Amino acid sequence: MTATTARFTPALFRHAEALLSELLRSAFPADLVVSHYFRQHRELGHADRGFVAETVFVVLRRKRSLAARCAGELTSRRLLLAALACLQGMNRRELECVLSESESRWLAQAKAVAIDQLPPAVRLDLPDWLYAQCLAQYTAEGTERLAAALNQAAPLDLRVNSLKAGRQEVLTRLLADGLAAAACPFSPVGIRLLGKPALSKHPLFIDGSIEVQDEGSQLLGFLLQPKRGEMVADFCAGAGGKTLLLGALMRSQGRLYAFDVAERRLARLKPRLARSGLSNVHPVRIDSERDTKIRRLAGKLDRVLVDAPCSGLGTLRRNPDLKWRQTPTSVAELAAKQAAILAAAGTLVKVGGRLVYATCSLLEGENEVVVEGFLAQHPEFFLRSAQEILLSQEIVIDVGERLRLFPHHHGTDAFYAAVMERR
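UniProt numbering puts the first residue of the sequence shown at 1, with every later residue one more than the last.
These aren't lab readings, by the way, just hints derived from the structure by calculation.
No experiment lies behind these values; they were computed from the predicted model shown.
We treat Cβ as the ideally placed atom computed from N, Cα and C, and that holds for glycine.
Treat each hint with caution, since some may be false.
Straight-line Cα separation of at most 20 Å, EDC-like style, residue types lysine to aspartate or glutamate; simulated pairs [what the hints assert, rightly or not]:
| no. | residue 1 | residue 2 |
| --- | --- | --- |
| 1 | K63 | E103 |
| 2 | K201 | D177 |
| 3 | K350 | D302 |
| 4 | K300 | E230 |
| 5 | K63 | E96 |
| 6 | K196 | D177 |
| 7 | K63 | E17 |
| 8 | K63 | D116 |
| 9 | K111 | E96 |
So the derived label-pair ranges between C-beta atoms look like this [what the hints assert, rightly or not]:
| no. | residue 1 | residue 2 | range |
| --- | --- | --- | --- |
| 10 | R145 | D177 | 34 to 42 Å |
| 11 | S26 | E380 | 41 to 49 Å |
| 12 | R290 | K350 | 17 to 25 Å |
Turn these sequences into a full structure, and let the hints steer you where they fit.
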């Protein structure tokens, strides 16, 4: 849904303004704030919620360049009006029901701002420190293309639960239900939808045949490549999206541990697990990566996935607030935590076993630096080619020896992954 096709009213604008004001002053992640706001305003229908959410997320994505258009008067109202007029294509006639005469004159000036004359970090809507790091890693042209892709809304990707259905069967059903759906280009179990339809009451979602999961995240499961009957761990399981994929790849045979330090996150896994039909998943809350439950399994596991807690900067299409919340200091703190988690996870892997370290970060400090540090301290591990592992499963994709996914190259969130095996 776009601003030009949604039903636009003064009441809807007030909701968008109220939500944006809340988001700009909140310390909580944007998706939680948005969900809370909609729970408080159940009078908003699906189309209205879509308009409000899309509009405020446009502001979060493009806040620096919109602020430049606002010429010093940085209010939620002005940011919102600038987004609707300059980025979402609404004209003055469509906006006149919420515009004062002075705002109408100001908006004409805002639209006339020469964005291409702004400093690159402002024009690309990146904080200065992140622009500098991207520039060092990806060149000016690469940073431009990456930032442009991250400033777009992400598509809605689904994963087909292969225990319950085949991809073609699910596609046929979705198309019959009037949804615009197509097979993802890389994941054998991925489906991409056009638009953001409500799926929570769809029969395929209710019976566990589909789950929402970015295609890039799905590919991490194929890098781990778990087999039936093996002992496997998802070391930072969270709400379990990748855990459920791993269980399906194991055909629900063997033992699959879902470790996490947060009981709240593991609680979100339980209803998904019940829908999935899996019987081999064992959610385990741990106090830290040094928990005795971890030490008891030392050297016993065939495969371990470490989807490490990270800055999340590869998911800015979905979580644009992260670029304004993260700092060089917070990223450095995360890198230290990632190194400790990877070292602990490595102790679980038996000889001949596989360890996959992954993040949804753009930054080498959370990716290559962490892996190189681990390999230097643990010579018993060696790198395997991510591209070759995927190709062996008939997944043809250009990702390199260490998997690197980007929205402007692959249409996924940005991911990094290194596959290591124990000698």
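Tested hints:
1. Proximity of K63 to E103 is assessed by CA-CA distance (about 19 Å); at most 20 Å being required, the pair is judged to hold.
2. Of the supplied pair hints, the one linking K201 and D177 holds, its CA atoms being roughly 13 Å apart against a limit of 20 Å.
3. The straight-line distance between the Cα atoms of K350 and D302 is roughly 6 Å, inside the 20 Å bound, and the hint therefore holds.
4. Taking the CA atoms of K300 and E230, the gap is about 10 Å. The hint holds against a cut of 20 Å.
5. Using a Cα cut-off of 20 Å, the hinted pair K63 and E96 is violated, with the two alpha carbons roughly 23 Å apart.
6. For the hint pairing K196 with D177, the CA-to-CA distance comes to about 14 Å; that is within 20 Å, so the pair holds.
7. A C-alpha spacing of about 14 Å is found between K63 and E17, which places the hinted pair at or below 20 Å, so the restraint holds.
8. For the hint pairing K63 with D116, the CA-to-CA distance comes to about 16 Å; that is within 20 Å, so the pair holds.
9. Taking the CA atoms of K111 and E96, the gap is near 16 Å; set against the 20 Å cutoff, the hint holds.
10. Look at R145 against D177: about 35 Å separates their beta carbons, and that is inside 34 to 42 Å.
11. The hint said 41 to 49 Å for the Cβ distance between S26 and E380, and at roughly 46 Å that hint holds.
12. Between R290 and K350 the beta carbon distance is about 19 Å. The supplied range of 17 to 25 Å therefore holds.
Checked against the numbered hints listed earlier, the structure breaks hint 5 alone; every other hint is satisfied.
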